[in-house]
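Protein chains: 2
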Amino acid sequence: MLKNDLFLRALKRQPCSRTPIWVMRQAGRYLPEYRAVREKTDFLTLCKTPELAAEVTIQPVDLMGVDAAIIFSDILVINEAMGMNVEIIETKGIKLSPVIRSQADIDKLIVPDIDEKLGYVMDALRLTKKELDNRVPLIGFSGAAWTLFTYAVEGGGSKNYAFAKKMMYREPRMAHQLLGKITETISAYLLKQVEAGADAIQIFDSWASALSEDDYREFALPYIRENVQAVKAKYPDIPVIVFSKDCNTMLSDIADTGCDAMGLGWGIDIAKARKELNDRVALQGNMDPTVLYGTPEKIRSEAAKILKQFGQHTATSGHVFNLGHGILPDVDPANLKLLVEFVKEESARYH
Amino acid sequence: MLKNDLFLRALKRQPCSRTPIWVMRQAGRYLPEYRAVREKTDFLTLCKTPELAAEVTIQPVDLMGVDAAIIFSDILVINEAMGMNVEIIETKGIKLSPVIRSQADIDKLIVPDIDEKLGYVMDALRLTKKELDNRVPLIGFSGAAWTLFTYAVEGGGSKNYAFAKKMMYREPRMAHQLLGKITETISAYLLKQVEAGADAIQIFDSWASALSEDDYREFALPYIRENVQAVKAKYPDIPVIVFSKDCNTMLSDIADTGCDAMGLGWGIDIAKARKELNDRVALQGNMDPTVLYGTPEKIRSEAAKILKQFGQHTATSGHVFNLGHGILPDVDPANLKLLVEFVKEESARYH
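In order, the protein sequences belong to chains A and B.
Going from the first sequence to the working numbering is simple: count from 1 and add 118.
Going from the second sequence to the working numbering is simple: count from 1 and add 118.
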C-alpha cells in the first residue's frame with residue numbers, strides 16, 4: 119500500500135487533502151546529486167544501468183519531497199529498440215541514424231520484443247519500486263508516436279520538421295505505416311512498464327504543437343488513443359496522462375482519447391482549460407519553468423495564482439501541480455524545494 | 119489610386135470579389151532572383167540600400183502575383199537604432215551586443231530620431247511605392263516590443279528566454295522601462311513608415327507564445343496596444359495587423375488592442391478563430407508553411423480547406439490568405455505560384 123497516494127487520487131479525480139506536485143525532469147541536471155552520478159557515465163548508459171537509474175529517480179523524492187517519482191529514462195529508447203542508432207549528448211543535441219525516409223527504411227525497423235530490447239527499463243522500474251518502498255507512486259512513460267516519428271524521420275531535433283512533413287504531405291500512407299509501427303511498440307512498452315510496477319503512465323507528445331489541428335487529428339491523436347486504450351483495456355485502474363504540449367485549441371479532442379489526465383503547458387490559463395473540460399479529466403500543470411528563476415516571493419505568488427485559477431475542488435475534480443515543461447538545468451534546487459513546500463501548504467484550502 | 123486594393127479592403131472588412139493573398143518572407147531566399155541580389159551584399163546592407171530593398175520587395179509581386187508587397191527589412195533595425203550592435207548571419211544566427219541586463223544598460227539605449235537612424239527604411243518605402251506604381255498596397259512593419267526585448271536581453275535568439283524572464287520576474291519595473299523605451303521607438307517608427315507610403319502596418323510578435331496568458335497581458339499586450347493606438351490616432355484609415363503567433367487562447371485580448379486584423383499561426387482552425395471573434399477583426403493566415411513541400415494536389419486541397427474553414431463572407435468579414443509563418447527557404451517557387459493562383463481562383467465562391 120502506498121503511503122502517499124495523493125498523485126494517483128488526483129489523477130483519478132478522487133478527493134484529496136491537498137494538491138500533489140511533481141515536476142518534469144525532476145531527476146535532472148539542476149540537482150548536484152544527479153550531476154555527481156551523471157559524471158560517472160554517459161546519458162544513455164545511465165538510462166540502461168538500473169541501479170543508477172533508480173538512484174537518480176529517487177533523488178527528488180528524498181531531496182525535494184515531490185509526491186511522485188518518474189522513472190529516469192528517455193523517450194528515444196523506443197527508436198533505439200526499433201533499430202536506430204541513437205546518440206544523446208546532453209545539452210548538445212541528439213543524433214539518430216539512419217534517418218527513416220523511405221519504404222525500405224521503414225521496413226528495416228522492427229517492432230521489438232520489449233523484454234529483449236528494453237528489459238533494462240523494467241529492471242529499473244522494479245528496482246526503483248522496491249527502493250521507493252511505497253513512499254510515493256512511480257510513473258512510467260513513453261514519447262508519443264508523432265514525436266518519436268519526427269526524431270526517426272529528421273534524425274534529430276528539428277526546427278520546421280521539414281522531412282517529417284514532407285513524408286506526411288507527399289507519402290501519407292508511408293507516414294501512417296511508420297506511425298503505426300512506432301505505436302505498436304509504444305503500447306507493448308507501456309504494458310510492460312505497468313507489469314514492472316509503474317503506478318501511472320505519461321505519454322509525452324513534445325512536438326505536438328508543430329501540427330495544425332487537422333494534422334494532429336490525423337497523424338497524432340489516433341495513435342495516442344491507441345496507446346491509451348491499450349493500457350486502459352488491460353489495466354483500467356492505471357491512470358494515463360497525455361501531455362500534448364501547447365495543443366490548447368484541442369483540449370476536448372485530447373480528452374476524447376480516454377486519458378485520465380491532461381498535461382498543460384503554461385500558454386493557457388488553467389481556469390480556461392478546467393472550464394472547457396468541465397472536470398471530465400484531471401489537469402496537470404502548468405507553471406512556466408522560468409518562474410523558478412524568480413525571487414521566492416515571485417515563485418510563491420505564481421504558484422498561488424495557478425492554484426487559485428484552478429479553483430475550489432469538487433467531488434470530481436483533479437489537479438496535479440507541475441511545471442508546463444521540464445525544470446531547467448540552471449535552476450537553484452532551493453527554489454524547487456520552496457515551490458514544493460508552498461504548493462503542499464497553500465493548496466489545502468482549495469480541497 | 120491602387121489598381122488592386124483587395125488586401126486593404128479585406129483588412130477593413132469591406133466586400134471583396136475574392137480573398138487576397140500574400141505570404142510572410144515572400145521577398146526571400148526561396149526566390150533565385152532574391153538570392154542573386156543577396157549574393158552581392160550582406161543581409162543588413164541589403165536592408166539599408168533602398169534600391170536593392172525596393173528591388174527584392176517587388177520581386178514577389180512581379181513573379182508570384184501576390185496582392186501586397188511588404189517592405190524588405192528586419193525587425194532588429196529597431197534594436198540597432200537604439201544603440202545595439204546587430205549582426206545577422208542569414209541561416210546562421212543573430213548576435214546583438216552589448217546585452218541589456220542592467221539599469222545602466224537600459225539607460226544607455228536611446229529613443230532614436232527615426233529619420234536620422236532609420237531614414238533608409240523610409241527611403242526604401244518611398245522608392246518601392248514609386249516603383250510599384252500603385253499595383254498593390256505596400257506593408258510597413260515592426261517587431262513587437264516583447265520580441266525586440268528578448269533580443270536585447272538575450273543578445274540573440276533563445277530557447278527558454280532565461281535572461282528576459284529573469285528580468286521580468288526579478289526586476290519587473292526595469293523590464294517595463296525597457297519595454298516602454300522600445301515601444302516609444304516602435305510607435306515613432308510606424309508613423310514615419312506611414313508618412314513614407316506604407317498602406318498598412320503589421321506588428322510581428324514572433325516570440326509571443328513564450329509567455330503565459332497573464333505575462334502576455336502584462337509584458338506584451340499593453341505595448342502592442344500603445345503602438346496600434348499611436349497609428350490609429352494619427353492615421354485611422356491605415357489598417358494595422360497584429361501577429362501574436364500562437365496566442366490562440368487570447369484572441370479576444372489581442373483584438374482588444376484595436377487592431378484591424380490578426381495574424382494566425384497554423385495551430386488553430388481558422389473557423390474557431392472566426393467564431394470566437396465574430397468578425398470584429400479581419401483574420402490573416404493560416405496555412406502551415408511546410409504544406410508547400412507537398413504535392414500540387416496537397417497544396418490545393420489544404421488551401422481549399424482553409425478557405426472553406428473560414429467560410430462564406432458577409433458584409434463585415436475579412437480574410438487575407440497567408441501562411442502561418444514565413445515561407446521556408448527551400449520551397450520551390452513554383453509551389454507558391456500555384457498556391458497564389460489557386461487561392462485567387464478558388465476563393466471567389468466564398469465572396
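It should be emphasised that the hints constitute simulated quantities derived from the structure, not laboratory data.
Hints may be right or wrong, so weigh each one.
All copies of an identical chain are treated as equivalent in the list; a pair is satisfied when it fits inside any one copy or across any two copies.
Dumping the calculated EDC-like pairs for lysine to aspartate or glutamate here, alpha-carbon to alpha-carbon at most 20 Å [said to hold, decoys possible]:
#1 K310 x E336
#2 K390 x D374
#3 K390 x D371
#4 K352 x E394
This one's a predicted model, so the numbers in the text were calculated from it and none came from an experiment.
Query raised in the report: Can you give the numbers of the hints that this structure goes against, from lowest to highest?
Result: Hint check: 1, 4 fail, others pass.
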